[in-house]
Amino acid sequence: MAEAQDATVRSTRRAEAADVPLLELRDIHKSFGAVHALRGASLSLYRGQVTALVGENGAGKSTLVKTLAGLHQQDRGQVLLEGEEVSFRDPLHAREAGIAVIYQEPTMFPDLTVAENIFMGRQPLRSLRRIDRKAMRQQALELFEQLGVKIDPDRAAQGLSIADQQVVEIAKAISLDARVLIMDEPTAALSGVEVDRLFAVTRTLQAQGAAVMFISHRFEEVFALADWITVMRDGAHVATAPASELTVDGVIRQMVGRDVASLFPKQETTIGPTALEVKGLSRKGVFSDISFTVRAGEIVGLSGLVGAGRSEVARAVFGIDKYDSGEVLVRDEPLKSLSPRASMAAGLAFVPEDRRKQGLVMELNVSRNLTLTLRRKLSRFGLLTNQSEAQATKEWAKKLQIKAGSPMSPISTLSGGNQQKVVLGKWLATGPRILIIDEPTRGIDVGTKSEVHRLISELAGTGLAVLMISSELPEILGMSDRVLVMHEGRITAELSRKDATEESVMTAATGVDPKTKETTA
Amino acid sequence: MTTLTLQRQPSTAWLGTLTRSREFSVFLALVILIAVTVAANPRFLSAQSIKDLLLNSSILVILAVGQAIVIVTKNVDLSVGSVLGLTAFATGKIFIALPDLPVIAMLVIGIALGAMLGAINGALIAVAKVPALVVTLGTLYIFRGVDFAWAQGQQISPSDLPADFLALGAGTLLGFPYLALIALAVVMAFGLYLKNLRSGREFYAIGSDVQAARLYGIRVGRKVFSAFAISGALAGLGGVIYAAKYGNLDATAGQGLELNVVAAAVVGGVAIAGGVGTVYGAALGAVLLTTITSALPVLGVSPFWQRAMIGVLILASIVLDRYLALRTERRLRGHDSHAG
Numbered sequence: 002m003a004e005a006q007d008a009t010v011r012s013t014r015r016a017e018a019a020d021v022p023l024l025e026l027r028d029i030h031k032s033f034g035a036v037h038a039l040r041g042a043s044l045s046l047y048r049g050q051v052t053a054l055v056g057e058n059g060a061g062k063s064t065l066v067k068t069l070a071g072l073h074q075q076d077r078g079q080v081l082l083e084g085e086e087v088s089f090r091d092p093l094h095a096r097e098a099g100i101a102v103i104y105q106e107p108t109m110f111p112d113l114t115v116a117e118n119i120f121m122g123r124q125p126l127r128s129l130r131r132i133d134r135k136a137m138r139q140q141a142l143e144l145f146e147q148l149g150v151k152i153d154p155d156r157a158a159q160g161l162s163i164a165d166q167q168v169v170e171i172a173k174a175i176s177l178d179a180r181v182l183i184m185d186e187p188t189a190a191l192s193g194v195e196v197d198r199l200f201a202v203t204r205t206l207q208a209q210g211a212a213v214m215f216i217s218h219r220f221e222e223v224f225a226l227a228d229w230i231t232v233m234r235d236g237a238h239v240a241t242a243p244a245s246e247l248t249v250d251g252v253i254r255q256m257v258g259r260d261v262a263s264l265f266p267k268q269e270t271t272i273g274p275t276a277l278e279v280k281g282l283s284r285k286g287v288f289s290d291i292s293f294t295v296r297a298g299e300i301v302g303l304s305g306l307v308g309a310g311r312s313e314v315a316r317a318v319f320g321i322d323k324y325d326s327g328e329v330l331v332r333d334e335p336l337k338s339l340s341p342r343a344s345m346a347a348g349l350a351f352v353p354e355d356r357r358k359q360g361l362v363m364e365l366n367v368s369r370n371l372t373l374t375l376r377r378k379l380s381r382f383g384l385l386t387n388q389s390e391a392q393a394t395k396e397w398a399k400k401l402q403i404k405a406g407s408p409m410s411p412i413s414t415l416s417g418g419n420q421q422k423v424v425l426g427k428w429l430a431t432g433p434r435i436l437i438i439d440e441p442t443r444g445i446d447v448g449t450k451s452e453v454h455r456l457i458s459e460l461a462g463t464g465l466a467v468l469m470i471s472s473e474l475p476e477i478l479g480m481s482d483r484v485l486v487m488h489e490g491r492i493t494a495e496l497s498r499k500d501a502t503e504e505s506v507m508t509a510a511t512g513v514d515p516k517t518k519e520t521t522a
Numbered sequence: 005m006t007t008l009t010l011q012r013q014p015s016t017a018w019l020g021t022l023t024r025s026r027e028f029s030v031f032l033a034l035v036i037l038i039a040v041t042v043a044a045n046p047r048f049l050s051a052q053s054i055k056d057l058l059l060n061s062s063i064l065v066i067l068a069v070g071q072a073i074v075i076v077t078k079n080v081d082l083s084v085g086s087v088l089g090l091t092a093f094a095t096g097k098i099f100i101a102l103p104d105l106p107v108i109a110m111l112v113i114g115i116a117l118g119a120m121l122g123a124i125n126g127a128l129i130a131v132a133k134v135p136a137l138v139v140t141l142g143t144l145y146i147f148r149g150v151d152f153a154w155a156q157g158q159q160i161s162p163s164d165l166p167a168d169f170l171a172l173g174a175g176t177l178l179g180f181p182y183l184a185l186i187a188l189a190v191v192m193a194f195g196l197y198l199k200n201l202r203s204g205r206e207f208y209a210i211g212s213d214v215q216a217a218r219l220y221g222i223r224v225g226r227k228v229f230s231a232f233a234i235s236g237a238l239a240g241l242g243g244v245i246y247a248a249k250y251g252n253l254d255a256t257a258g259q260g261l262e263l264n265v266v267a268a269a270v271v272g273g274v275a276i277a278g279g280v281g282t283v284y285g286a287a288l289g290a291v292l293l294t295t296i297t298s299a300l301p302v303l304g305v306s307p308f309w310q311r312a313m314i315g316v317l318i319l320a321s322i323v324l325d326r327y328l329a330l331r332t333e334r335r336l337r338g339h340d341s342h343a344g
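One line per chain: the protein sequences are A and B, in this order.
Each residue of the first sequence is one higher than the one before, starting from 2 at the first, in the working numbering.
Each residue of the second sequence is one higher than the one before, starting from 5 at the first, in the working numbering.
Read the hints as simulated data drawn from the structure, not as lab findings.
Mixed in with the good hints, there may be bad ones.
Lysine-lysine pairs mimicking DSS-like chemistry, simulated, CA-CA at most 30 Å apart [stated by the list, open to error]: (1) A:K135 x B:K78; (2) A:K151 x B:K199; (3) A:K267 x A:K499.
The structure displayed is predicted, hence computed values, not measured ones.
Throw the hints in and build the complete structure from the sequences for me.
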C-alpha cells in the first residue's frame, strides 16, 4: 500500500519537474591518453529528484562525476545548467554554480581541524575578514547534529575512521547549500544507521528542491532512494528510466550486458586443521578479549558495524598495531615477534581496507606494486631487474584478469576493482597460508565483485585460511563458512553458515532487536 | 540543539593549550638556555646583551617567517640567502647612485626586488612543476652568481651609505632596536594572516594534502607562487636591513644563511612534511638559534661546536615533534566517537 502511494508521489514529482533538467550532460567524451573513459555519456538531473547512476567498475561513473565537478574538462559534448551551456574550468567554478560533490575517497586535510575541513575557503567571517572560529565550530556542530553523529569539530582530521571521514565529507557537501548534490558512493564506508541518516538528509535536500545524484553498488539503496536510474556501460549511456519501472535483475543485465548467474559463487571446501588462532587479544579502549580460530580452507566472516573494532583486530593480528594482552598462534606456534615481517614469514597476508593509502603505492606502476612483496625473491645480487618484474606481473595479471593499459601504467589510472586485484595479487604472490582481507569489495562494481568473490573462494578451496572483514551483509552471508560478529570491541556472536542470517548477524552487531528497529527500505 | 553541545572548556583551558603547543617547547628551551647561561655568567642578561641578541636575531626571524610559509605548503626555499645578498648589494649600489633616496623608499624597493626574485622561484615551481628543492637550489647559485658578476669584487663601505639609513640599523625606539621592531611587526602580521584569514589557511590546506586542496577549489599553483613571492619579499627586506646593519657590503652577504633559516623554522616546529607549524614558532626558533650562538662562548664551549649544537637541536626538535604526534594520535584514537 505504502509502496504504491510512494510510487504515485514519485511520478507526480517527475511530471512537475520533467520540463528542463537543472543539470544536463549531453554526449560527453573524455580520453586520457589512449584510454577512452567516456564515449557518449549523458545524464539529466531534475529539481527535487534523486537520480542513481549505476554501472560496472570502469564504466566511467567517477570520470563523469569529476567532469561535473570541474576537475576534468570534457573533450566533446555539452554541460547544460538550467538549459544554458556551461563549461566548468575548475572545482571552484563548479561549486560557485551550486554543485557540491562527495567523492568516492574522502579528501581530507589531516593536519587541520574537522571544522576547518568542512569550511575551508568558506569559513564564517567576523570583522576585518577574520575567521570566526566560534561560529565555524557552532555551524559544524549543527551539521553533525543534523547527521546525528558526534564528532568534535576541534579535533584534527588525522586519525578519523573512514566512516567519520565520510561523515565529514557529507557535512561539507550539505553546508554548501548546493542546488546539485553529487555523491560518488557515499555509503561505501558507512554502517546501517549512518546510511539511514544520510538518506534522511538527502530527502530533506530533495524536498528543498535540490537535484541529487548518487552512485552506489548497493541496489537496495538505489531502489529505496532514486526516482530515476541511469545505467552506464563502457563510458556510454545505456538507459535511463524511472526506478519504479525497473528491477534489480533488469538493471544488472543492462550494466553488464549479460546475465549475472550468481553474485557469490561460494565453493564447498574441505576444512582442514586450525591455521590461525587468536587468544584473548585485548587493547585498551579498542577491543577486548578477542578469541577465534580460522582453519585451513575455511572462510571466516568478521561482521559488525563500522567502528566495532574489526579492522583494528585485523591490524593487531597482522602485527601492525600493538596489543596489551593475548596471543596470536599460526599453526599452533606463537608469532616470533610483533611485526608485519614476522607475520609474513609465518605465512600471513593482509589486504587492508583503504587500498589507496595502505595497500598500494599510488605513484608506482602496476608492475612495481604487484611485485612489491616479492622484491627480495625477484632480485638478483640485491638488484631488481625489470625483466623479472615483468615476468611476475604478466603471470599475476593473467591469473587475476587485471585490466590495465600496460604493466607500466600508473596504478592510479586503474579502476577500483582492478586496483583491488593488484593488492590481492601482491599478497597472493607471497604464497600465504592465511589471508586477512578487509572489505574486499568496497567500492567495486557487481561484475568485478563476483570475480573477487570467486577468487577468494577458489583460494580457500586450495587450503588457504581466510579471515574476511566486510560491512556488506550479503557478502558475509554468501561467502562465510562461519561468521563472527563484533560489537563495541567484543565478539558478540559466532554463527555457523546455516545459523547466520541477516537478522541474527544484525542483532549481534547492534544489540538492538531487529524487529523493533525502524527500517527505511 | 542542546543534546549535542560539547562541554564548554574550562576557563583555564588556554593555559593547557599554550603549554601543549609546540611553540611553548621552543620557548621553554630558550628560557632554559638563557637561565643556564646566566647562571654561568650573570652579565649575559644585561640590557646591552639583550639588545644585541634582538638585533642579531632580527634578520633570521624575518627570513624564518617567509620560510615557514613556504614549508607549510610542503615546499622549501633555499634561495633566501642569495636573495638577501643580492638585495643587500643592490641597496648599496642604489644609495651610491641616489644618495637622497628616502629610507622608506629603499625598504619598498628591497621588498619589491626580493618579491621579484621569489616570483621567479614561484613561477618555475608552479608552472614548470619542478620540485622546489631543485628550483631554489638552482636559483641559490644563479642569484649569487649575478651578485658576484655585478660586484666584480667591489666592496661598499658604510661611508657610501646615507647616515639616516645606517641609523635604521643601529637606532632604537624606547630602547628597542628598530630592526627588532620591524621583525616583530613582520611576525605579528604574518602570524595573524596565517591564522585568521581564509587566504592564510589555504597554505596549510595545500601542505596538508595538495590533492584535497585542489578538490576544495583552492588554486594551488597561484598559492604556492605567492608563498615564494612572500618568502622572496621578506628576504629582500632582510637584505636592506642587512645593508643598514653592517654597512660593509660585498657579494658574499648572507652566504649560507638559507640553512640557518630552514633550521630555525624546523626547530620552531614547522614540519618539513607541510601543513603544520606557525610563524611564531619559526621566529622563536630563529631567536633560539641566535641565542645559542652567543651563549656557547659564554658557557666556554668552543665556537667550533656551535654548528654541531644546531644540528643536535634540529634532531631534538624532530624527535619532539614525532613524540607529540604519537601522543596526539593516541589521544585522538581514544576520542574517536565511532570507536568501541
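Tested hints:
no.	hint	verdict
1	A:K135 x B:K78	holds (28 Å)
2	A:K151 x B:K199	holds (26 Å)
3	A:K267 x A:K499	holds (14 Å)
This entry satisfies every hint, going by the numbered hints stated previously.
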